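K.L.:
Residues per chain, in single letters:
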Amino acid sequence: MSISNEILLALPELSLLSMACLVLVVDAFSKDPDHRITYWLTQISLAIVFLLVFTSIPDEPRLAFHNSFIDDAMSSVLKCFICAITIIVFLYSYEYLKENKLMKGEYFVLGLFAVLGMMIMSSAYSLLSIYLGLELMSLSMYAMVAMNRKSAAASEAAMKYFILGALASGMLLYGISMIYGLTSSIQFTEIAAISMTSVENSRFLVFGMIFMIIGIAFKLGAAPFHMWVPDVYQGAPTSVTLFISTAPKLAAFAMAIRILVDGLFPLVADWQSILMVLAVLSMAIGNIVAISQTNIKRMLAYSTIAHVGYLFLGLIAGTINGFAGSMFYIISYALMSMGTFGMIILLGRYEFEAKNLEDFKGLSGRSPWFAFIMMCLMFSMAGVPPFLGFWSKWFVLKELVASGYFALAAVSVVFSIIGAYYYLRIVKLMYFDKPDKMTAIKATKQMRAVLTANGLLILVLGLLPNSLMQICLTALAH
Amino acid sequence: MTVSNLPILSMLIWTPIIGGIWTLIAGDRQEQTVKYFSLAVSILTFVFSVLLYLDFDNASASMQFVERVSWIKAFDIQYYLGVDGIALPLILLTCFTTILVVLAAWEVIEKHISYYMAAFLILTGLMNGVFVALDAILFYVFWEAMLIPMFIIIGIWGGPNRVYATIKFFLYTFLGSVFMLVAFLYLYAKAGSFEISAMHDVALTLQAQKLIFIAFFLAFAVKIPMWPVHTWLPDAHVEAPTGGSVILAAIMLKMGGYGFLRFSLPITPDASLHFDDFMIVLSLIAVVYIGFVALVQEDMKKLIAYSSISHMGFVTLGFFIPFTIVANTGETSGAIMGMEGAMMQMISHGFISAAMFLCVGVMYDRMHSRMIKDYGGVVNSMPYFAAFMLLFAMANSGLPGTSGFVGEFLVILSSFEASFWIAFFAAFTLILGAAYTLWMYKRVIFGDVTREEVAELTDINARETLILVLLAIVVLLFGVWPAPVFDVMHASVEQLINHSLQSKAF
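From first to last, the protein sequence lines stand for chains B and E.
Take the first sequence: its position 191, counting from 1, is numbered 191 in this note's numbering, and each next residue is one higher.
Take the second sequence: its position 375, counting from 1, is numbered 375 in this note's numbering, and each next residue is one higher.
Think of the hints as simulated: they come from the structure by calculation, not from any bench.
No false leads were slipped in.
Stretch-level coverage of chain E by chain B, calculated; a stretch enters the list once three of its residues show a Cβ under 8 Å from a Cβ in chain B:
id, stretch
1, 62–73
2, 184–195
To list a few chain B residues with every Cβ distance to chain E over 10 Å, as calculated:
id, residue
3, 3
4, 15
5, 33
6, 37
7, 68
8, 99
9, 105
10, 131
11, 171
12, 190
13, 193
14, 266
15, 289
16, 446
Computed from a predicted model, the values in this text were never measured in an experiment.
All C-beta atoms, glycine included, are put in the ideal place defined by N, C-alpha and C.
I would like the entire structure built from these sequences, with the hints used as guidance.
P.N.:
In structure tokens:
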């Protein structure tokens, strides 16, 4: 492939990079305290990148840059969702930042760089490019968490995030170096070919793999590498929490698929058993600890941990359909999480964040419509039909059962019942309790419209999940 | 008029759901419109179900009015509906009960009447969906989705301890159902299809059947409910508003029974045979022990809730006794009688328990108490009401001439063919049922008026009379002429028994 063709494959990433630089420069000269130009330019760049990816979804995977970059259906689908989700995240964020006097142009620039990192992760086809993408994403996120300099909690969260993140990156690098030492390659297909044949080295390969799984588990927030999740979710500004809990999960999923499936599939039996432990621990810790939380962001952090456990179930199934199930899971989770944090932003006020569960009290009296949307989101998170969240659980469970893991399937449904309790508690607070004070919801039309669309999407996709399932199945078909 | 070329089953599901959504949007501003609209929707749905009944072919045991559209192509899940003789009576019961619930709420519900009506209408559509779904996943979606409106109904309009009751109700039933989902997924892996009929035909080892049976048991035994997983029911009943109790007792409990017939018996016949002693023992414990528990209740609603559990023990007895009967007699006629008796018991209990809860509701609306000790001498101020309640109390205790007698009699009669002792314990229900119902009736209705409030009670108004008259008619009608119900279900029950007696283990 000629170099110009290779560049063409990476066109979305390159355009995003140039747009991000442009936004940075424009923002430096902009005097608008509301950073309107920066905001709109950011949204336009994301929309352009979205269209670039969307119009060039390939049928066959294509490699570029000495096989360290891949353009296939999975990466394209994930990139589309990453861009689309980030657009909505920024829309919610813009309201939030303005309301809380945190408006800084850097927020959007950092966001764009993080998205660039996620896109590179989705397309990375060698250990090096994956690491580069991951670091670009993580470093941008550390800074975003620390955006609110006045808040001690945010600084603490950023510090914790940074130190543990660096540790995880170190683990990942250590694993990479071991794999490289054994296979003398950083390219996934070669690693797969060598690990298939080299029986004498398999023990050391597994050793390297374990370190890489730790890296993945950390980035996804799976137990027992979940310690950072609650603190970061709680401490970070809500708009950043919203960002962290959505798009990066898709990128981390891509990383997991690339490393475990494209690179280390010959070791499937080994990583299945490791993931099984991680999955059960995540579901247990996430669902049980979430029950005792009073802070909503912290509760949702534990709920994320639990959801990551379910995500792993699809990987454990070890089949193409299972991976598609995981992809479906993570996309649905991102959509639900987006709506939920959007709701927290909607209910928040300057110097009054909807921090505690109690703030949802009597929402049905204050705003029946948004209470309804939130109810849809909560039932969806709990996995009750006819909402999207049911199908994501259904999908991974189905593949798990098809692969013969009945006991694990039974354990996971038990934890989903435990999980249902704390989602129901929010519905209870909204519908069965009286509000403490009847403040009206204050939000722009845009925000209301997007949040409504978000909630209805969960319901509509729950009634007609076929298209999204097809997308995930075809994305992983090869 | 023929309905066979109309998508009548879809209409039964979607008419109330769409009506409910409209009600929700209309909101509380147009209270009167909302009430009349809901009533119209519920009557319309009932008319559809009657049309369905009129056009139903009693001689056939196969699925009728089949609708089949691909829903989720990726996994070949279909929007696949159909009705047979087992589902049809339950659909009629559901649609009939909805009218009563709408009428019963008329002046009573003061808070958010539009939401209340909407919740019940949507619930009706979902319940009809449960009875007509022929794809396991479609069935599961309806089955679970149904919990949401009920959760809301108990939580918003319930009694003082409603939050505890509704969360318990939700989690309990959710717990049972998820294992059923895992069983469906396993059956899909074996049968290659989510169609229930394909699951009926797939061969399974006894070991696999046992596990599937247990998974189904958890789902349906919680729902029906059987001892010892019944504890959610008294709480839910006591705290639910009258309409909620009526729907819970009249329809939702029947879904557990329907599940046993549609899934447990035909999909896992060998495991059903294996576990039938266990099921019979649990049923008898429900009949006898729960009967005694009902005797000591001080709360009327709780008493009726326990009486429901005891009556449902009869239903499960009728469902799981056929194996023993066939083993003893070598014929299926006794088995069919037992199962039809159990089905009749479900239908009749639907009417009677609805009537009992509505009677308690009538008193509760006036006195705001469900405690037996707060009443006494109600007959002095509410003579007409007392007469109606007497009829329903008699029906609840299984008096001949009322529908309550037919089912119980058939089940007891057929259980003689299985074993004398089973029949002996089953017959306890007649004694205990009469004891707890009539004793409650005596303490509430007769005696001296000890409280001023009771003396000032006003008798039932036209609306309440209408509701109770409707129920009285069906209770008496099916008591003296139950043939229509038996005609509808006979072919399907016969086929089910024959299917369940075939071993599918290998």
